[in-house]
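**Q** Modelling step: build the complete structure from the supplied sequences, incorporating the hints.
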Amino acid sequence: MNTHPFDPETIMSFYDGELSPPQADEVRAHISHCIQCSDLVAKLRDTSLSLSKWTVTEAPHDVRTQQQLSVAVQQFHRRNSMPLASFFRVVKPRYILAVCMLILAFGLWAELSPSRITLAQEDMQAKLIKEFSPSPRYPQEAKDKNIQGVVKLQAIVAKDGSVKKLTVISGDPLLAKSSLETVKHWRYQPTLVDGKAVEVKTVVEINFSLAD
Amino acid sequence: MLAFSHGDTASFDELFSRYHRRIFAFIRRRTSDPSRAEELAQETFLALIRAAFRYQPRALFRTYIYTIAFKILRDDRRKTTFRSFFFGSNEKSELAPDAPRNNDEILWLRQALSRLDATDREILLLREFEQLSYLEIADLLKLPLNTVRSRLFRARLSLREHLEPTAAANSVPLGELS
Numbered sequence: 001m002n003t004h005p006f007d008p009e010t011i012m013s014f015y016d017g018e019l020s021p022p023q024a025d026e027v028r029a030h031i032s033h034c035i036q037c038s039d040l041v042a043k044l045r046d047t048s049l050s051l052s053k054w055t056v057t058e059a060p061h062d063v064r065t066q067q068q069l070s071v072a073v074q075q076f077h078r079r080n081s082m083p084l085a086s087f088f089r090v091v092k093p094r095y096i097l098a099v100c101m102l103i104l105a106f107g108l109w110a111e112l113s114p115s116r117i118t119l120a121q122e123d124m125q126a127k128l129i130k131e132f133s134p135s136p137r138y139p140q141e142a143k144d145k146n147i148q149g150v151v152k153l154q155a156i157v158a159k160d161g162s163v164k165k166l167t168v169i170s171g172d173p174l175l176a177k178s179s180l181e182t183v184k185h186w187r188y189q190p191t192l193v194d195g196k197a198v199e200v201k202t203v204v205e206i207n208f209s210l211a212d
Numbered sequence: 213m214l215a216f217s218h219g220d221t222a223s224f225d226e227l228f229s230r231y232h233r234r235i236f237a238f239i240r241r242r243t244s245d246p247s248r249a250e251e252l253a254q255e256t257f258l259a260l261i262r263a264a265f266r267y268q269p270r271a272l273f274r275t276y277i278y279t280i281a282f283k284i285l286r287d288d289r290r291k292t293t294f295r296s297f298f299f300g301s302n303e304k305s306e307l308a309p310d311a312p313r314n315n316d317e318i319l320w321l322r323q324a325l326s327r328l329d330a331t332d333r334e335i336l337l338l339r340e341f342e343q344l345s346y347l348e349i350a351d352l353l354k355l356p357l358n359t360v361r362s363r364l365f366r367a368r369l370s371l372r373e374h375l376e377p378t379a380a381a382n383s384v385p386l387g388e389l390s
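Sequences listed follow chains L and E, in order.
Residue numbering for the first sequence follows the numbering used here, starting at 1 and increasing by one per position.
Residue numbering for the second sequence follows the numbering used here, starting at 213 and increasing by one per position.
Think of the hints as simulated: they come from the structure by calculation, not from any bench.
Predicted model only: the values in this text are computed from it and were never measured.
Positions of the beta carbon are idealized from the N, C-alpha and C atoms, including for glycine.
It cannot be assumed that every hint is accurate.
Far from chain E, some chain L residues (derived; all Cβ distances over 10 Å) [to be verified]:
(1) 101
(2) 138
(3) 180
The calculated lysine-lysine pairs, modelled on DSS-like cross-linking and capped at a C-alpha distance of 30 Å, are [what the hints assert, rightly or not]:
(4) 127/L - 177/L
(5) 53/L - 43/L
(6) 92/L - 283/E
(7) 291/E - 92/L
(8) 354/E - 43/L
(9) 184/L - 145/L
(10) 283/E - 53/L
(11) 354/E - 92/L
(12) 130/L - 177/L
(13) 53/L - 354/E
(14) 152/L - 196/L
**A** In structure tokens form, the structure reads like this:
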């Protein structure tokens, strides 16, 4: 029949001084008249006594150890005196490094992901919407000066088919200026990769010929 | 520690003199090689210096330093296991003798301790030798407080049985207490 108000672990907690003073008083009062519980405390004490025989000799006094620690303390002191020390106390350098790595990884991912593809002029020619894509005007000044030839442009076509960016690769400046003014208003049909619209990098060649 | 973390380098000497012996004993009881124990104790203090820059007094300093020592000891055991797996090693026991080899009582005690479950033994050692509270042990070993209490009780009973196998038959049936 159970006649003990406290479980053995509570008795042990009392022995270890883990109980609050009121609880400890209650357990102490119980132990004073309970043979089994006082016997348990005695056993716990015996076990502690047995363990206490396992002593450890003094730590060796190593001069080299002392020197290394003192160097480390000096390094710490120097670091603590550095400007921005309080900033780095809060913001760990490895967090800054991690953020930089994340930004770098994101940049690489953006660069390598197939959000932009390169297509030849012939392929893009087929996607050109004729009504929004007139031919460039032949500048009168160029005609007067008998200037003719090919203007080569590099174009970035946005996902919606509009021309996002144009760069002159080669060609006479007069002809190139006219080409840029016209081509920047061109519209293409959106290019899809796996059902998703992507940007396209392409080359646009415009031939200006006086014979035409 | 707070004073040291704010640049008072002299306070490290006080920290060292107060805790070096305890940390060495903590590691020595768990390492068979005394010189290795001293190295690990030194590593603990070096780690303490490195971490001082960002030290926040969230818990008792005692728990803090034992946590560092515990991690260093755990890492060392991992390395030892790795080395022994690939290259072979003589170090087998986690418990180290520190008494004369002919001291039968200590050998008997070590044998009894080695028969305990590893976590139970760690809890028991932290309580008996490092005098950590249940809460500190729970914090250090990342265990629930009640688990620490019940496992400590179990460890003490098991150790007693291993130390005095013949006495067990005459002992009070503790299960009937509650």
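**Q** Now tell me if each hint is right for this structure.
**A** So, going through the hints one by one against the coordinates:
no. : hint          : verdict
1   : 101           : holds (21 Å)
2   : 138           : holds (70 Å)
3   : 180           : holds (56 Å)
4   : 127/L - 177/L : holds (24 Å)
5   : 53/L - 43/L   : holds (16 Å)
6   : 92/L - 283/E  : holds (21 Å)
7   : 291/E - 92/L  : holds (27 Å)
8   : 354/E - 43/L  : holds (28 Å)
9   : 184/L - 145/L : holds (25 Å)
10  : 283/E - 53/L  : holds (26 Å)
11  : 354/E - 92/L  : holds (25 Å)
12  : 130/L - 177/L : holds (21 Å)
13  : 53/L - 354/E  : holds (29 Å)
14  : 152/L - 196/L : holds (29 Å)
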